[in-house]
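S.K.: Listed below, chain by chain, are the residues.
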Amino acid sequence: MKSDHPIHLTEVSRAFSTYTTLVILKMMMMSFITAFFRGLRGAFENPEDIADTRREEKFRQMRSHPDVERMRRCHQNDLENIIPFVLIGLMYCMTAPHLQSAEIHFRIFMVARICHTVAYVCALPQPSRVLTWLVGVLVTFSMAYRVLKRTFHL
Amino acid sequence: MKSDHPIHLTEVSRAFSTYTTLVILKMMMMSFITAFFRGLRGAFENPEDIADTRREEKFRQMRSHPDVERMRRCHQNDLENIIPFVLIGLMYCMTAPHLQSAEIHFRIFMVARICHTVAYVCALPQPSRVLTWLVGVLVTFSMAYRVLKRTFHL
Amino acid sequence: MKSDHPIHLTEVSRAFSTYTTLVILKMMMMSFITAFFRGLRGAFENPEDIADTRREEKFRQMRSHPDVERMRRCHQNDLENIIPFVLIGLMYCMTAPHLQSAEIHFRIFMVARICHTVAYVCALPQPSRVLTWLVGVLVTFSMAYRVLKRTFHL
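Chains as they are written, first to last, in the working numbering: chain A, 1091 to 1244; chain G, 1091 to 1244; chain D, 1091 to 1244.
Treat the hints as calculated values from the structure; they're not laboratory data.
Honestly, I wouldn't trust all of these hints.
Heads up, the list lumps identical chains together, so a pair's fine if it works in one copy or across two of them.
Unchecked claim - Quick list of in silico lysine to aspartate or glutamate cross-link-like pairs, EDC-like style, CA-CA up to 16 angstroms: (1) 1239 with 1139; (2) 1239 with 1170; (3) 1239 with 1101; (4) 1116 with 1170; (5) 1148 with 1138; (6) 1148 with 1193; (7) 1116 with 1135; (8) 1116 with 1139; (9) 1239 with 1147; (10) 1148 with 1170; (11) 1116 with 1193; (12) 1148 with 1135; (13) 1116 with 1157; (14) 1116 with 1101; (15) 1239 with 1146.
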C-alpha cells in the first residue's frame, strides 16, 4: 500500500483534487439530466435517437424544448466557468498557497456552483443565478491574481 | 539531449501524455471536419465567411445544415467528455496508480471516443453512440473514484 | 515569504502559468461581453433574466440577436482552442523544453488569440479570422508534436 501512494502530494493538492473532482462530476451530471429531459419531453436532436420508427413521429420529436435548452445552457455555463477554475487552480496550487486560504477558495467555488445549478435548473428569480455565477468568477479571479503575482514572466 | 530530458516523468505520466494528446488532437480535428462540411453544404454562420459577394447569395448561405449541426454536436460532446477525462486523469496520475491499471483506463477511453466519433459522424443506429459515450464516462468515473479515495480532503 | 514560495517552479512553468492565466482570463471576459450585448440588444434566453415584468415585453425579448450570437461563437471558439492549448501546454512543460522555445510558443499563441477575438468581435473581413485561428492551432500542434516525440508510450 505504501509503494502505491503518491510521494509529494501536499495537503493543498489533496484538497484541490477532491474539490475539483467533485465539481467536474457535478458538471458531468448535466449530461444525464439533459438526457432525462430529452426523453421526458420527447425532444431530440438526432433522428437515430428516437425509438419510435414511424416517420411522422420521428419528425415530430426532432425539436427543441425549453426545459432541454435550459439544461444545455446550464451545462455550457459549467464548461465556461468550471474548466477555467480547474486550470487556473492547478497553477494556483503550484504557487504553494496556505492550506486554509486554498480551502476557502475551493469551498466557496464548489458551493457557489452547486447553488448556480439549482438556480438555473429551477429557474429561480434573479439575481440568484447571476450572483452565484459571479461568486465563482471572483474566486477564479482571486486565484488568477495570486498566480500572476507569483509567477509573472512575460 | 540528456539535459533536455524531463527528470521525474514516470511511465504513467508518459502514457497519460501520449493518450491525452492523441485524444485532444482528435477533438481538434472536429473543427476541420465542421469547416469542410460548411464549405460542402454552403452553410455559414458569419456573413464575412461567404466568398460570394452577391447580397442574395450571402443571405441564402447564412443558414444551418443538418450535417454541419451534427459535427458541431459531436465536437460539443467531445468538449463535455474529453476535457473532464484529461483533468481528472491528471489528478489520477498524481495518485501513483499501477502502470497497467492506468494503461487500461487510457486505452479504453481513447478507443471508446474514437468509436463514439464514428458512430456520431456516420449516424450509426443506436445504441452504438450511447454505449461508446457511456464507456468513456465510466472510465472517467473509475479514475474519479480512485482520486477521491486517495486524496479525500474536504 | 520564503516558506510561502513554490519550490520546484522552473522558468518554463512560470512563463506557462503567466501566459495561460492571461489567455484564460481573456476567454472568461467573453461572458461579460456577451452579457453586455444581451442587455444592449434586449436579447435573452431565460425569461427570469428579463427585468420588464409585462408579459408581452418578456415574450419580445426572448429572442436571439446576431451580435449576441457572434459573441457566443467567439466564446465557443475560445473553449475549443484555448483549453486544448492549456492542456497540451501542461504536458509540453513536463518535457522540459528550452525556455526560449517555450516562450515563443506561448507568445505567438496569446497574440494570435487576441487578434482572433478582435477579428471575430469586429467582424473583420476574412481571411483575418481564419489565419489567426490557424496560427493558434499550429502552435498547439507544434507542442503536441514535441509531447508525442518525447513521451510516446501507447
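S.K.: Which hints, by number, does the structure contradict?
M.R.: 1, 2, 6, 7, 8, 9, 10, 11, 13, 14, 15
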